[in-house]
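Colleague: Two independent chains are provided; combine them into the complex using the hints.
Read top to bottom, the protein sequences are chains A and B.
In terms of my numbering, the first sequence is residues 1 to 167.
In terms of my numbering, the second sequence is residues 1 to 433.
It should be emphasised that the hints constitute simulated quantities derived from the structure, not laboratory data.
Derived coverage of chain A by chain B (criterion: at least 3 residues anywhere in the stretch with Cβ under 8 angstroms from a Cβ of chain B; other residues may be distant): (1) 25-36; (2) 57-69; (3) 150-163.
Heads up, the beta-carbon is just placed ideally off N, CA and C, and yes, glycines get one too.
Each chain, letter by letter, is given below.
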Amino acid sequence: MEIKKGKAWKFGDDISTDHIAPGRLFHLRTNLPEFAKHVLEDAREDFASGMSQGDFVVAGKNFGLGSSREHAPQIIKLAGVNGVMAKSFARIFFRNAINIGLLVIECDTDKINEGDELEVSLKEGVVKNKTTGEDIAITPLPDVMIKILNDGGLAKHIEKHGDFQLV
Amino acid sequence: MGKTIVEKIIGEHSNKDVKAGDFVVANVDVTAVQDGTGPLTIQEIQKINLEQAANPERTILFIDHASPSPRKELSNAHRILRDFAKKTGAILSETGQGVCHQRLIEDYVNPGEILVGADSHTCTSGALGAFATGMGSTDVGIAIALGKVWLKVPETFKIVVNGNLAPGVGAKDLILHLVGLIRADGATYKSLEFCGETIKHMSMADRFTLSNMAVEAGAKAGLIESDHITKEYLISRGRGDKFREITADPDAIYERVITIDASQVKPTVSKPHAVDNTATVDQLKDIKIDQVFIGTCTNGRIEDLRIAAQILENQQVHSDVRLIVVPASKDIYLQAIKEGLIRIFVEAGASVLAPGCGPCVGVHAGILGDDEVCLATQNRNFQGRMGNPKGQIYLSSPATAAYSAITGHISDPREIMSSPSSQGVYPFESYLS
Numbered sequence: 001m002e003i004k005k006g007k008a009w010k011f012g013d014d015i016s017t018d019h020i021a022p023g024r025l026f027h028l029r030t031n032l033p034e035f036a037k038h039v040l041e042d043a044r045e046d047f048a049s050g051m052s053q054g055d056f057v058v059a060g061k062n063f064g065l066g067s068s069r070e071h072a073p074q075i076i077k078l079a080g081v082n083g084v085m086a087k088s089f090a091r092i093f094f095r096n097a098i099n100i101g102l103l104v105i106e107c108d109t110d111k112i113n114e115g116d117e118l119e120v121s122l123k124e125g126v127v128k129n130k131t132t133g134e135d136i137a138i139t140p141l142p143d144v145m146i147k148i149l150n151d152g153g154l155a156k157h158i159e160k161h162g163d164f165q166l167v
Numbered sequence: 001m002g003k004t005i006v007e008k009i010i011g012e013h014s015n016k017d018v019k020a021g022d023f024v025v026a027n028v029d030v031t032a033v034q035d036g037t038g039p040l041t042i043q044e045i046q047k048i049n050l051e052q053a054a055n056p057e058r059t060i061l062f063i064d065h066a067s068p069s070p071r072k073e074l075s076n077a078h079r080i081l082r083d084f085a086k087k088t089g090a091i092l093s094e095t096g097q098g099v100c101h102q103r104l105i106e107d108y109v110n111p112g113e114i115l116v117g118a119d120s121h122t123c124t125s126g127a128l129g130a131f132a133t134g135m136g137s138t139d140v141g142i143a144i145a146l147g148k149v150w151l152k153v154p155e156t157f158k159i160v161v162n163g164n165l166a167p168g169v170g171a172k173d174l175i176l177h178l179v180g181l182i183r184a185d186g187a188t189y190k191s192l193e194f195c196g197e198t199i200k201h202m203s204m205a206d207r208f209t210l211s212n213m214a215v216e217a218g219a220k221a222g223l224i225e226s227d228h229i230t231k232e233y234l235i236s237r238g239r240g241d242k243f244r245e246i247t248a249d250p251d252a253i254y255e256r257v258i259t260i261d262a263s264q265v266k267p268t269v270s271k272p273h274a275v276d277n278t279a280t281v282d283q284l285k286d287i288k289i290d291q292v293f294i295g296t297c298t299n300g301r302i303e304d305l306r307i308a309a310q311i312l313e314n315q316q317v318h319s320d321v322r323l324i325v326v327p328a329s330k331d332i333y334l335q336a337i338k339e340g341l342i343r344i345f346v347e348a349g350a351s352v353l354a355p356g357c358g359p360c361v362g363v364h365a366g367i368l369g370d371d372e373v374c375l376a377t378q379n380r381n382f383q384g385r386m387g388n389p390k391g392q393i394y395l396s397s398p399a400t401a402a403y404s405a406i407t408g409h410i411s412d413p414r415e416i417m418s419s420p421s422s423q424g425v426y427p428f429e430s431y432l433s
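The shape of chain B in the complex, shown without the other chains (with noise of 0.2 angstroms):
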């Protein structure tokens, strides 16, 4: 019988033959948390005795979701991973460095692996062939100590993706236009395969950006099998050697197929409060906006940068708008500097903010005021997600944020982009590259 990517990562990892429901306890290559959970990860092992790092040097704690911290008790938190790290080993990922998803497909993770990440987004490694899941802080604490965890083999969808994405339409759109379509926890427990004509043609930014938010159909896991695409990223991250072919069979047992035409696809955005909320940009009219964010671990990347900038480049951010930009990591910081990007958001009228979450969890930098309306290029807009329960936040993606930031109010990209002779538009051939 064949095999779904991941009863064969998950086989590989406890020595056995699984499949889609078995209970295992598989060795883990990857473990990390964050400011928000790591303190209570290390808590929880200092008061069992096991403050310990089975593997220090795949062991990440990453400080970016209050960084720089806005205030006294966060920076206490801080100071608990920067004791962690001196005494075990770990590696630490100082404020600056970028958003910890962002940074463990950078320098870390690797196809055929397994990632356990006390924050749910960790199924954003998933794009790169690995079995990368979200826990909380006590499963991740004892897989730090030990490098195992407890798992449960999940069932598979088969997410399968086909036609070309129209100009100005993007893995955000198509990844919100499937949460729409399965809803919230329409894949709880599950594991989703993305493939299809149009992922294998997907650069590895846009297959970041559908794995990120498998969590949010319910999904423990979004995977891509790996192939030249993955190689090429790895490569260009110094990791060449560390690729490896990871497929599934062609007689995998999938518990559901669902099949999308992505040239069908339409921007499309999550409505408050929940990300399944959804509607294409075409039926919202009016929505005035006071705040415009793009950047996480969802659309930070270079990729998403450029776009934002080719329609910002030249133009002034609306009046009644304020726009913050955050490069999710470090080296996209430098690129987008060594690109002109960062000059063309400044001289917009944008906020630039150091590598981290930045406004997305609600902590600090870009809170809400009451009834303001946000249009962001996260993946959750629960209500409070941004500091402020009376705040409304939309979704969208960063073609979407950057040209509505312009219109101050929420504007379908394709009016600038199916005509590519007109000023300051980008034919988005990379979204399609």
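Just chain A, same shape as in the assembly (with noise of 0.2 angstroms):
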């Protein structure tokens, strides 16, 4: 997998999938380019018209909490973020950024300051804060999900084995 650089995001604790993809835009949930367009906006009015492609989003613990609702991951990969990193995920929106193929890293954003430049290497498990100079541990991803992002999501691993190929 190759390496991923950007500029870091901030947010806070407990960003639920109403800050990703809130409910008043309910209706573009078949309109996803669109509701991209939005994306975060409850958290940070700031972020969706701010942001560059290629940016990461650096939140604190329980990111994603709420909802199962997949568009939350599917307009952050849509807005053209490299990945999300927090200190822990909530369960759903994990499992659903891994199944879209949308990186998401957990390890220690205390180490990471709003517009750091950052640069992501999976091979290594870090993540190198290339304004600090730091190298922040990743987390590591149980296997079944390392072989859903290879083949690039759930449903693309499905196409590709006709089956579940995981455990």
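Modeller: Structure, rendered in structure tokens:
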């Protein structure tokens, strides 16, 4: 997997799927490119319009709690975000992100500040903070999830193998 | 070595002897999507030419979140579900039939089964002794198409509840208390098993309220052993033959045991904007409310409506408050009509809406204005949940919600429920039955 580079946008703890993909925009669930223009706007109004392709969402604990809406990771990915880093993730969001091929990284995000230049090396298992010079360890993913990611998501995994080839 | 409920059920469905931490591919009995997640589910399986249902008579598509549809984009999303049902033979639960989780417990899920649903509150069915969990559109799409899902067998937290809940205190107060205690991520990836004397005597309605909110502590499932109360419920729904006794082994391994004395639980409220931001009602003073919402998969059952109606009978909703009542399903609505509850709500000044999710998801029918305060019996109060990030949402039991609708501010239902002789007051045994 290639090395990913981008700038950090910091968010707090407990960013819910209502922050990421709010219910008031429910009607955009069948128009994801339009929905992506509003991604995370209830948590940070400046994010969707200010972010550049390849930037990272960097949050505290329990990112993505709440609803099972897969539109949440979908619109983060569609907006051009390189990946989401958080101290921890809510279960359904984490699984959804892997299933659709959005990079999600559990690591100590206190070591990342707003605007820091980041580089992710999955091979080495670290986030390199180019601004501070620090390497931050990534919590390894379970094998099952690595297999899904390597196939490009769950649907592609099934398309390729015709069934689950995970365990 | 003994097994937890979840280890037993997942083991049975993967033909393996499993323990917490194992990864398996398991057979799925029931799959479900709703109108918010279903269209994406169908698109994902269409993309890989798998538009099929492995088990159509146990694949249910619910139109409940935006129903009746408030706008054309959502009406078109509903058409995707109707078309899929026609093509595959899957069951469609139309507008007006009710919230998916209520419909699933009423007619579809049985003890010992696995349900995966594209809605986070799918855990509600865990109260039947089933492994029921919420997932995203793609996971559920594959489960619909192939009848299988991959699972990590979760570790279990045993939640032991003993003692009697006081008059005016219900299962909702108990679960809000628990979420406040272990926090919104306290049980992430774990399964909760609710047990103890309080649970043993609790009605199915109250058990569903507990299981429904397991996800608010991050949990994957909220399970309760099936027993004679489960059996009576299944008989009442015409599924007595589906009863199976599902229990945990006495020597099962639990990651954590949490003990709660129910007699010490007070009416509890979640404050904006987090479910774990809890306080007891007596700690909150003079919080004026603009809207009260009684309903949802958490507290829209007939037992909840009875409590609300007994408080609202011969009373008027405060002049500064709008009250919205939404029965969770068609059968509940019909029963409430039969018992005269709907008349009580309407006479008190409430708007009674068609069975479904109502204002809980912020799509229609009760969206908050800027800075408005809502007290709701739903399970979630995240910023923007009810359609406006500037709205303030508090969560409570039906008793607290109904009483507060009369007073106009968040109020302690024990004020009217500790004195059984006062007018319009209900003794609330049903909470303990």
